[in-house]
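> Heads up: the sequence lines are chains H and U, in that order.
Sequential numbering of the first sequence, starting at 3, is according to the numbering used here.
Sequential numbering of the second sequence, starting at 811, is according to the numbering used here.
Source of the hints: derived by calculation from the structure; they are not laboratory data.
Check before you lean on any hint, since a few could be wrong.
Claimed, not checked - On the chain H side, residues computed to face chain U include the following (Cβ under 8 Å): (1) Gln-156; (2) Ala-163; (3) Ile-164.
Here a beta-carbon is modelled for each residue, glycine too, at the ideal position from N, C-alpha and C.
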Amino acid sequence: MLLSKEQLLGMYRKMLLIRGFESTAAQLSYNQEIKGNVHLYINEEAIAVGVCEAIGKSGKLTSTHRGHGHQIAKGSDIKYMMAELFGKKTGNCMGKGGSMHIVDASVGTLGANGIVGGGVVHAVGAAYASKLDGNAYAVACFLGDGATNQGAFQESMNLAAIYKLPVLYVIENNEYAVTTRTAEYINAPLAFRGIPFGIPTYTVDGMDVLEVYAAAQKAVERALAGDGPSLIVAKTYRIEGHNTTYTMLEKRLNWYYRDEEEIVRGSLRCPIHFFKEYLTQTGVPAEELKAVEDSVSAEVAASVDFAKASPDPEPEVALMHVYAD
Amino acid sequence: MQFKLLKGVRILAYKNNTGDTVHSKEMMLNFYRTMWKIRSFEEHAADCFTKGMLAGNIHLSIGQEAAEAGAFAAIGPQDYFTSTHRGHGHAIARGADAKLAMAELFGKKTGYCKGKGGSMHIADMEKMNHLGANGIVGAGQPISAGSALVSKIKKDGAVTVGCFGDGATNEGSFHESLNMAAAWQLPLVWFIENNCYGVSTEIHRVTNTPDLATRAAAYGVPYAVVDGTDPCEVYDAMVKAMDHARSGKGPYLVEAKVYRYQGHYCGDPAVYRPASYLEEALANDGIEKLGKRLMAIGVTEEELAHIKAEVVAEMDEAVRFAEESEYPDPATVLDDMYVSDNERCVAR
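Required output: the full structure, derived from the provided sequences and hints.
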């Protein structure tokens, strides 16, 4: 399936929006304007954008603690997410969720999750609902490399395979689970994880949005045809710390679990840089790219203004929406 | 003909000069006796259960004797193992005293756990290195991985064998434990007895691949699939698995295809499975097949009947012993509940 210029520019815009949002959120977190930790999706943008482009507007997704990028890629308005990070009343969850619990049902995101591997079981439930509707939509289930060792992941894949559910399992292998190198706790490539369940697997370069999209597109076709789940293993690299606190810690402790050189190497594999090169080579004029970049900067700045100007939630609403009626 | 000894702990199988494994008559007779022990123990237990002499449920290993006899022959005296809710066969194959096992089923003071464990919790660290049967499906998986980690840290040369059924392979702990064991190269062997039914669910309704053992591939763990009605085939695979694990190459997984003659528990009418299942099972009866094989190499029918009679007498005696034993004193109910010290615990 060919992508139109509008789609390509849309993907470029989303990637930039993720980068802009995350860089700004990081700064605000360091300044203590945002309370708590923020887990940044910087350098991993291509995965969320590629997959979300493939599952389309009707698709749904389950996210992780590193979930801002997924929300943006799915088309959620960033000003509400920024307000949520600030804990403001206008946020996605009325300021009561914070960075790790963003939900925007209006665009089909079923929730970020502070529990590692928590979303993998939700994805099965959502996909089962889709199946009952005649495979109406595909569900993208994002998880990190660390979450692959949660038993729930295998239980989820087994059920999805047996019931032929329309799920795309997307492993974002950023090489570290908090501070543990992935290679230290696995004995075979993550791509082998689909074997026990007979799930077809794609290993892709997570820094190439088009490669991610191509694999996800095939997986979506399979899912919507009722043939069952697929597994996509996207290799990427997390140049930030596990979260903003870890980033500060890393710098203070002189890169205690990896060396600075490795991070520099990782940042050179920038997915946005690669995609911009591609767009330039395919003949998109520099002014058009510049226009996208400017509009993104303006949107991010506006989101911060919106968040800062918003009121805090009233203490009385603390228990509202905590229990389902 | 040159004989090369296999590296099994009980030296009973040989490789001839063409590389084929030859199982000695003595070894096959041992299998035959163990298999009858398991069957007879279970038949006696079922009889007592239906007469109302036993409280609670029992899960019978009838139909799985060949796999258990073959597998446990490959396990050395220093090795450890975990068992399941269907665990009588494992204990008997490991050499459990039928009297103590039966007394435990009866809830008597003389049982392996002083009558406080019952059928699903037979454990014995003194002679069998039996880390315990377990009422929780799949619970032996992390326990066996933990025990293997102890062996790796202590360098005691022991391998831990985790036994479980087909249903337990869909527990997340299967994957968590196997991944850790593979990443840390632990001396662990997993022995899956695939009897095709997780309680009443046919395994292929809940599993997408023909063999369960292929699950090991996800973690780079080698595996073998064997006919669980042939003790010799199971033994050979287990010897290979044990050698692999003992030499520090990490875990190994063996899947034996077996039949469960009874329902899930004693008295389960098993209406959920087709009649053809039991027909196929009986046509492949491990004890019968091994008996024929033994007769083909010169063992007489009388000798086989003699083995059976001896075993039955032993089990009759076990039931008598259990019946005559006393119930535990209610005052001891909290004894042995908490561990103050345990040599398998390295964290202290």
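> Now tell me, hint by hint, if it's right for this structure.
Consistency of the hints with the structure:
1. Gln-156: 4 Å, holds
2. Ala-163: The hint holds - Ala-163 of chain H has a Cβ within 8 Å of chain U, the shortest such distance being about 4 Å.
3. Ile-164: Holds, about 6 Å.
The structure meets every hint from the earlier list without exception.
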